[in-house]
Amino acid sequence: MRKIYLDHGATTPMRNEVIDAMVTIYREEFGNPSSIHQFGRSAKKQLEDARAKVAKAIGADAKEIIFTGSGTEADNIAILGTARMKAKQGKGKHIITTTIEHHAVLDTCKLLEKEGFEVTYLPVDEHGILAVQSVQDALRDDTILVTIMHANNEIGSVQPIAEIGQLLKNHPAVFHTDAVQTVGKLAVDVNELAVDLLAISAHKIYGPKGVGALYVRKGIRVEPLMIGGGQERKIRPSTENLAGIVGLAVAIDLAVSELATESKRLEGLRDKLIHELLTKVPETKLNGHPVHRLPHNANISFEYIEGESLILSMDMKGIAVSSGSACTSGSLDPSHVLMAMGLCHQTAHGSLRMTLGKDTTEEDIDYVIAELQTIVARLREMSPVWEQYIKSKA
Amino acid sequence: MYTEKVMDHFTNPRNVGEIPDADAVGEVGNMKCGDIMKLYLKITDDGVIEDVKFKTFGCGAAIATSSMSTELIKGKTVEECLKLTNSAIAEALDGLPPVKMHCSVLAEEALKSALLDYKKRTGKDIPISEEDLKGDDDHHDHDHDCEE
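Heads up: the protein sequence lines correspond to chains L and R, in order. End of the first sequence sits at 398 in my numbering; the numbers just go up one at a time, nothing left out. End of the second sequence sits at 690 in my numbering; the numbers just go up one at a time, nothing left out.
Think of the hints as simulated: they come from the structure by calculation, not from any bench. Take the hints with a grain of salt, since some may be wrong.
If we take Cβ atoms under 7 Å as the criterion, some of the chain L residues that face chain R in the derived model are [said to hold, decoys possible]:
(1) Glu-312
(2) Ser-313
(3) Leu-316
(4) Asp-319
(5) His-349
(6) Gln-350
(7) His-353
(8) Met-386
(9) Ser-387
(10) Pro-388
(11) Val-389
Distance windows between CB atoms, simulated [claimed, not checked]:
(12) Lys-547/R <-> Asp-370/L: 32 to 38 Å
(13) Pro-176/L <-> Pro-639/R: 46 to 52 Å
(14) Pro-639/R <-> His-131/L: 30 to 36 Å
(15) Pro-241/L <-> Glu-613/R: 56 to 62 Å
(16) Ser-261/L <-> Asp-550/R: 25 to 31 Å
(17) Asp-550/R <-> Gln-377/L: 22 to 28 Å
(18) Lys-397/L <-> Lys-584/R: 26 to 32 Å
Quick caveat, the model's predicted, so the values are computed rather than measured. All residues carry an ideal CB built from backbone N, CA and C; glycine is no exception.
Just chain L, with the same shape it has in the complex (with noise of 0.2 Å):
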């Protein structure tokens, strides 16, 4: 059977350049870089290699990353270690964040409000995107934080992000951003953007998993999650996970190297798969910004019928996708991202992420359009809404 993976935005495939420069550091390197002889500092030498590529990446300077087991981790370790050391300096408790946030935020902020500190969740437009002026207004002099993603996982919605970094130029409170669905697929300079923390994961890139890595601007404080070591600048202790650290490294410098030509082909096929779905199945709905949207991503609902069905029935002609998010396939709630956005419930259950990468090609587009136009019409031949539906148009 024909296999097609449309998944990209929860993991990709490593790719085979990622993979012999990490086998080579399995087979060669296994000093650790913390060790002052010659094959610990082999190792610290690639590492710092590895650490410049990923600065460079961002337009950062080496000394301001700081490798981290995964994005979550990153997005960790940026809210909870700032919230932290503000509030201990007597700065304030207060942190905005917006309601779309990956959990890996949401749920951070929600721990923090455990511990004393006051969130405000900024809602967003009907296509996913924030007002800048909604985080003016929420400004406080005791705002310590502001946390807002650079892209959104599930609808693709580019945010503001510069602008809001402009804005919180004129304020003390630190500036960071979930940049893991963006490095590789958007151009990501730290200075442009203006933010003070951003979070890099590697296995949305071709690299490995488990492996992120945090920006921390240069005079930024972050107090450590964890203790027991001085390494990464004593903001993230433990022996560095060298081999994916350099997987990291190539991955992202591919990325950034191919963007322009991969970005531009990969739009070109997004909006094919968009267009001829929203003209060839009845009742669809393109979810998220139908131009400040990542590259890669197209998220459509389609009415009557239900996600995981159309997943079921997709994953049977071989085609990978997902509903909504990876969040989302195990839980039984519609996603909070199509719920903030103002969807109902019946259209936020039939939606569909299809996340291509760099291997998808036009006949795969073609391909999926054709077989989800059979597949939407089978689920909906069974669906007792779409049923009442058609006799409610009769």
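Following the hints, put chain R in place on chain L, whose structure we already have.
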């Protein structure tokens, strides 16, 4: 996640459709939970389910439990159908993931809803009442299994 039987009934659901001159119709579920089941029954004068059709809006488990329940009740008497439990439907599918057990509850309730409709239409003395159709949202597990 799903057993082969669940996937078989999801892929090739039995008895999909509607019965225009049905003797009983039952509909349960709501949009908030993402599952709605509608069951049509054709019942003989001596109380045997001679035909059954369903329509379901829902996940793979919801479609599979609807399909399996129609298989289990076809040819049975109304009294026998009243004894069908959600556990029996789930067992017939070789089990369901815990988070999806509520789908089997919904299938059982769709049947009860149809039988209650039959009782109302015919006035027959069937041991079923509105009380037997209490929704149970507690079956829903709201854990998250997150990416990133």
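Okay, the hints, checked on the actual structure:
Hint status for Glu-312/L: holds, given a least beta-carbon distance of 4 Å to chain R, under 7 Å. Below 7 Å, beta-carbon pairs count as interface contacts, and Ser-313/L has one with chain R at about 6 Å; its hint therefore holds. The beta carbon of Leu-316/L is positioned within 7 Å of a beta carbon in chain R (closest approach about 5 Å), and the interface hint is therefore held. Because the smallest distance between the Cβ of Asp-319/L and any Cβ of chain R comes to about 10 Å, over 7 Å, the interface hint for this residue is violated.
The interface hint given for His-349/L is met, as the beta carbon of that residue sits about 4 Å from the closest beta carbon of chain R, less than 7 Å. About 5 Å separates the beta-carbon of Gln-350/L from the nearest beta-carbon of chain R, less than 7 Å, and the hint is met. Among the interface hints, the one on His-353/L holds; its C-beta lies about 4 Å from the nearest C-beta in chain R, closer than the 7 Å criterion. Hint status for Met-386/L: holds, given a least beta-carbon distance of 5 Å to chain R, under 7 Å.
Below 7 Å, beta-carbon pairs count as interface contacts, and Ser-387/L has one with chain R at about 4 Å; its hint therefore holds. Checking Pro-388/L against chain R: minimum C-beta separation of about 4 Å stays under 7 Å; hint holds. Residue-level restraint check for Val-389/L holds (minimum Cβ-Cβ distance to chain R is 5 Å; threshold 7 Å). Between Lys-547/R and Asp-370/L, the C-beta spacing of about 34 Å keeps the proposed range 32 to 38 Å intact.
The hinted range of 46 to 52 Å is satisfied by Pro-176/L and Pro-639/R, whose Cβ atoms lie roughly 49 Å apart. Checked against the hint of 30 to 36 Å, the pair Pro-639/R and His-131/L passes, with Cβ atoms roughly 34 Å apart. Checked against the hint of 56 to 62 Å, the pair Pro-241/L and Glu-613/R passes, with Cβ atoms roughly 59 Å apart. Distance hint check for Ser-261/L and Asp-550/R: the Cβ-Cβ separation is about 48 Å, which falls outside the suggested range of 25 to 31 Å.
For Asp-550/R and Gln-377/L, the Cβ-Cβ distance of about 24 Å falls inside the hinted range of 22 to 28 Å, so the restraint holds. Checking the proposed 26 to 32 Å range against Lys-397/L and Lys-584/R shows it holds: the Cβ atoms sit about 27 Å from each other.
Of the hints listed earlier, those the structure fails to meet are numbers 4, 16, in rising order.
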